[in-house]
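Enquirer: Whole structure, please, built from the sequences with the hints as guidance.
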Amino acid sequence: MRARRGGRTVLHDVRLAVARGEVCGLLGPNGAGKTTTIAAALGLLAPDAGRARLFGEDPLLAADAIRARIGLVPERDGLAGWMAAADYLQYWAVLQGRSLGAEGAFALLAEVGLDTAPPGMPVARFSQGMRRRLAVARALVAGPELLILDEPTNGLDPRGRRQLLGLLHHLARSRGVGVLLCTHLLEDVARICDRIAVLVEGRTVAEGALADLLGAADGRRYRLRLGGPVPEGAAAGDGGALPVRVLHGAGEEALVELGAGIAPETAWRALLFAGWPIREVRAAGGGLEALYLSLTEPGGRRGHDAPADSDATTNVAVPGGAAS
1 MRARRGGRTV LHDVRLAVAR GEVCGLLGPN GAGKTTTIAA ALGLLAPDAG RARLFGEDPL
61 LAADAIRARI GLVPERDGLA GWMAAADYLQ YWAVLQGRSL GAEGAFALLA EVGLDTAPPG
121 MPVARFSQGM RRRLAVARAL VAGPELLILD EPTNGLDPRG RRQLLGLLHH LARSRGVGVL
181 LCTHLLEDVA RICDRIAVLV EGRTVAEGAL ADLLGAADGR RYRLRLGGPV PEGAAAGDGG
241 ALPVRVLHGA GEEALVELGA GIAPETAWRA LLFAGWPIRE VRAAGGGLEA LYLSLTEPGG
301 RRGHDAPADS DATTNVAVPG GAAS
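Note that UniProt numbering has the sequence shown beginning at 1, numbered continuously upward.
Warning: the hint list may mix true and false statements.
What the hints assert, rightly or not - Restraint-style ranges between C-beta atoms, simulated for each label pair:
id, residue 1, residue 2, range
1, Asp77, Ala102, 21 to 27 Å
2, Pro158, Asp77, 17 to 23 Å
3, Leu44, Ser99, 24 to 30 Å
4, Asp64, Thr266, 35 to 41 Å
Treat the hints as calculated values from the structure; they're not laboratory data.
The C-beta atom is built at its ideal place from N, Cα and C for all residues, glycine as well.
Expert: The following block contains the structure:
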């Protein structure tokens with residue numbers, strides 16, 4: 001799918017899958033297209049080319065049916081501050097054409113850890129962490145199959161972040177709901193996500209099980225200590241492709257990743273021949289941060305570019321009967 005806003009192409013080809021009972025992290029720099037992807041999935045953004053698919057349906061043609069199966073927690077919660085939490089959940093249920101009695105409202109509050117709050121306390125007096133929990137409870141009113149959260153831990157202190165992330169992990173496991181966590185905070189993703197998808201400039205550049213993606217890069221990253229800056233033009237290997245990708249370079253340090261099938265000794269000889277003043281080579285630790293930098297830094301990998309008139313499909317699939 002291709003989508004444009006303000007004369008700029010913001011989505012090219014986005015693909016990710018969220019299984020029941022798992023948490024998927026949608027990562028990317030600011031402006032990568034995370035929020036726009038959510039808008040497309042909800043049928044709020046008409047594509048210029050191609051199609052979007054959610055639960056196997058076109059969000060533009062089946063918006064009501066699709067939204068009934070989704071719980072959304074936007075970055076700005078929009079809660080009614082003058083109401084008590086239980087009253088607000090019942091009010092929200094009515095707006096959604098559903099029935100939720102006081103018992104059901106209190107059960108939801110207990111599920112998100114708000115059962116200890118004074119029953120009559122207005123939402124305006126809630127802490128930021130309590131407000132985020134109430135926003136999650138609101139999203140659960142419809143009994144969704146997919147829960148989408150946009151930057152849910154923004155503004156929370158460390159304790160609040162840990163509690164909210166623990167809640168999301170619990171909901172995925174206990175309810176069997178798929179959770180799509182849109183964030184730029186790598187610590188949150190590393191803590192609870194089973195899968196990740198990384199967006200760069202509106203394209204999916206990596207998607208899969210987090211453990212698999214981290215394992216694929218294990219043992220291929222090195223830190224180089226240089227005797228001086230890399231000579232101008234040397235990064236291109238005298239016009240040819242280098243056997244490494246430069247993930248990060250600052251002063252006399254560089255973080256590189258070996259190309260597939262390239263032996264370390266072969267890579268170092270090629271770099272020396274290209275003018276790199278290598279003085280020391282050390283194996284670099286892996287982890288999510290290194291993987292993320294390798295995919296999003298200017299010198300890192302980019303996904304396969306879709307043509308400008310791409311008919312590719314944006315898919316947010318929830319396997320297990322929810323979508324194909």
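Enquirer: Give a verdict on every hint.
Expert: Right, here's what the structure says about each hint:
1. Asp77 to Ala102: 21 to 27 Å: Check passed, 22 Å falls within 21 to 27 Å.
2. Pro158 to Asp77: 17 to 23 Å: holds (20 Å)
3. Leu44 to Ser99: 24 to 30 Å: holds (27 Å)
4. Asp64 to Thr266: 35 to 41 Å: Cβ of aspartate 64 to Cβ of threonine 266: about 58 Å, so the range 35 to 41 Å is violated.
Violated hint: 4 only; the structure is consistent with all others.
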